[in-house]
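Protein sequence lines, in the order shown, are assigned to chains A, B and C. So the first sequence is numbered by my numbering: it starts at 1 and just counts up by one. So the second sequence is numbered by my numbering: it starts at 1 and just counts up by one. So the third sequence is numbered by my numbering: it starts at 1 and just counts up by one.
Derived from the structure by calculation, the hints contain no laboratory data. The C-beta atom is built at its ideal place from N, Cα and C for all residues, glycine as well. Hints may contain errors.
Over 10 Å on every C-beta distance to chain B, these chain A residues come out as not near it, computed from the model [to be verified]:
#1 V74
#2 S131
#3 R221
#4 N235
#5 L274
Lysine-lysine pairs mimicking DSBU-like chemistry, simulated, CA-CA at most 30 Å apart [stated by the list, open to error]:
#6 K241(B) - K266(A)
#7 K267(A) - K226(B)
#8 K85(A) - K316(B)
#9 K294(B) - K16(A)
#10 K180(A) - K30(C)
#11 K15(C) - K220(A)
#12 K224(A) - K241(B)
#13 K61(B) - K266(A)
#14 K42(C) - K220(A)
#15 K96(B) - K86(A)
#16 K27(A) - K97(B)
#17 K17(B) - K86(A)
#18 K255(B) - K63(A)
#19 K128(B) - K255(A)
#20 K121(C) - K224(A)
#21 K316(B) - K86(A)
#22 K92(B) - K27(A)
#23 K87(B) - K83(A)
#24 K294(B) - K255(A)
#25 K294(B) - K79(A)
#26 K79(A) - K92(B)
#27 K121(C) - K180(A)
#28 K128(B) - K79(A)
#29 K271(A) - K97(B)
#30 K61(B) - K255(A)
#31 K61(B) - K201(B)
#32 K16(A) - K226(B)
So the derived label-pair ranges between C-beta atoms look like this [unchecked claim]:
#33 C263(B) - A149(A): 43 to 51 Å
#34 T19(C) - K180(A): 41 to 49 Å
#35 D30(A) - G20(B): 52 to 60 Å
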Amino acid sequence: MDAMIPQSYRIQRVIKETHDTFTLELKPPDHLGQFIFNAGQFNMLYLFGVGEVPISISGDPSKTETLTHTLRAVGTVTKQMSKLKKGDWIGVRGPFGSHWPVKESIGNDVVIIAGGIGLAPLRPTIYKILSMRQQFGKIILLYGTRTPADILFRRELEKLRSRLDIDIYVTVDHATPVWKGNVGVVTTLIQRSPFDPFNTTAMICGPEIMMRYTISELTKRGVKSENIFVSMERNMKCAVGFCGHCQYGTKFICKDGPVFNYEQIKKLFGKREL
Amino acid sequence: MKIIDRSSLDKLFEKIKTSGYKLIGPTISDDAVVYDELNSTNDLPIGWTDEQDGGKYRLVKRNDNALFGYVVGPQSWKRFLYPPLQKLWQAKRLDKKIATIPEQAENTKYAFIGVRSCELNAILIQDKVFTGGEVVNSSYQKRRKDNLIIAVNCTTSGGTCFCVSMNTGPKVKEAFDLALTEVITHDEHYFLVETGSESGKILMEDIPQRTASQNEINTGEELIKKTSASMGRSLDTNNIKELLFNSFDHTQWDKVASRCLSCANCTMVCPTCFCTTVEDVTDLSGNIAERWQKWDSCFTLDFSYIHGGSIRNSVKSRYRQWMTHKLSTWYDQFGTSGCVGCGRCITWCPVGIDITEEARVIRESDNLQTISKEEKSNGIA
Amino acid sequence: MESLERILQEHSFVKDLATEHIQLIVGCAKNVIFEPEKFLFKEDEEASEFYIIRSGKVALEIYTPEYGPITIQTLGEGDVLGWSWLIPPYEWRFDARAVEFTRAIALDGKCLRGKCEHDPKLGYELMKRLANLFEQRLYAMRLQLLDIYNLRSTK
């Protein structure tokens, strides 16, 4: 199948997550039947006549008959996409890119640190890890977002919290009067998080500045660079390494990333205007 | 090695055209040597040469009728192999459903005459980019599959040439079908012909030719040697990958940024630059949408646009990106340098920024730092 | 008292102090517990004690007339709570409420303050540690202010 041509997927369900974030559940075309991907990969979503955007896949990798994407309506294309309804069609190219190291983390504690919409590309990993729960040590999710109203997948998080085999900590930057949970940036949760730094895989996704400070906190606790994974973002047009837009130093985010082992991009990370 | 004369060259042109190829070669248009369709050797820039320097290009008459007595102009072969404007696909909307129709690759077979060694290396570099990875660019691959290359060894060097530094010329070494070396003197005018492939061999069948004498072969070699020795520029490529990667915060970037207009000329004329963008358009009815691919440049402000702003906001960061990619990170990505030493970026820069000069300044100041470290450890400083 | 000493000695706030200073601090320390919803201290109260949280969660709150109390930061295990005991006017600037069952070590700040006046070396050491604490909190607070999940260029 040509990676440059979008396939038509039908919208089965639209879920309004927060005031500016929505989830699309898509049904693959009949001739494909299912959509298979690895947690951390992304698709190029095309809105007829408007444009294309790279969006991480946010659904359960084991549920191959549905393709799920969570989008934030911030630009021209995504704002138009937020008006889509059940029964509408959307173009899909993919999956592209590298994935979170689930298999490679077997035997370790896993710390998942998400900021804002960064929880969406990490959700498939949470599903995958929980489906193989016995094979990991402690599973910890640290999730930070702006305000309580911006918390994604709230009901799901509450359900997850009721499980005894995963620790979930949610924090907000700005509380409301009714919020009785944690307040403060997500990086402040790291020092007191009960994982073994010498036997942990950390997976981080969020704004670059949040990832930078998170890495610094993890390093302070003794987590080695080769056990830290981040998901990077850059401008994308083709997603297959031809257009050159997503270059990040020596790497192409579309084919070498978006998930990177921090050890590999240590020399690039944090360089201004790279 | 064979020898043909100009009339045989015309017969070769004819044969190529009747074999179904579109023959593209150098010709003069708008006071420059450009690549366009040729009918016969009459269309070549006969008796012309070029004077090139930073921000300068002039055509000057020679005192002979050489057919290939110049080097390279503003265009490169990428405008045929990877056109500036390409339709990728069309989509039709029926009810709400979308049906995409991929664009059929055109059936044009291209024969390129007059490909210089630097340019041939550039084509090979783009081959790696578009066909050397996991995903293959099928339209590029198709155009290259049916591509006939008649190379020309440079017998004159350009004012901004540095193929010798980049190890990309002036003699063609591989991936050609035929390679010509033009020898023109007071009383002789002939072309040495080297066959590089089966297709080349077939082309040469029934073209009037004779075997070259050792003397004639030597004459050709001498010309190429002289060209090697008269390069307009040079670039020290020793450890250049690490040098530039480690020079991210060098003050030279600020200096060059104060001159650079970010006009993107360099990326347009560079034979290896491959960046593109896509444009989605609809017709008035809104039922037909098309996706077009266009050449793009990392010098544009919105090239790195994300989340409401551009990562590479300053001209400094964009110039640094281009030069570091071309001379350094290209190695990490594709295993070779991205530069072939053709000098176009120097010639066609409106303010004459010279990539070899920028590299030299960065290297020398780096050497100074190393020397002072050594002096300190030897107790001199 | 022995386990208290061990916990304190390993805490970054007390670690590496001179032995006599550590003894002093241990002498001013006691274990305390707070039931959920109980206040550790309230705004405008005299800041006589400060705390090192052993387990649980404490919310720092500011009371607003329009909305009632709003949490501005949550502290937990290992965090040092309160510095107003060493900084005039020695009064708390906000409320601290236990969100869940919380164990802490309470230190007699008032007493320590007096000791610092007489022993500048102790004072300097404690000030250094507080300065470190300020820096960490300021850092985190600046990130909160940045509104990192909403960063978009205004160009």
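Report task. Of all the hints given earlier, name the ones this structure violates by number, lowest first. Result -> Hints 1, 4, 5, 7, 8, 9, 13, 14, 17, 18, 20, 21, 27, 28, 29, 30, 31, 32, 35 are the ones this structure does not satisfy, whereas the remaining hints hold.
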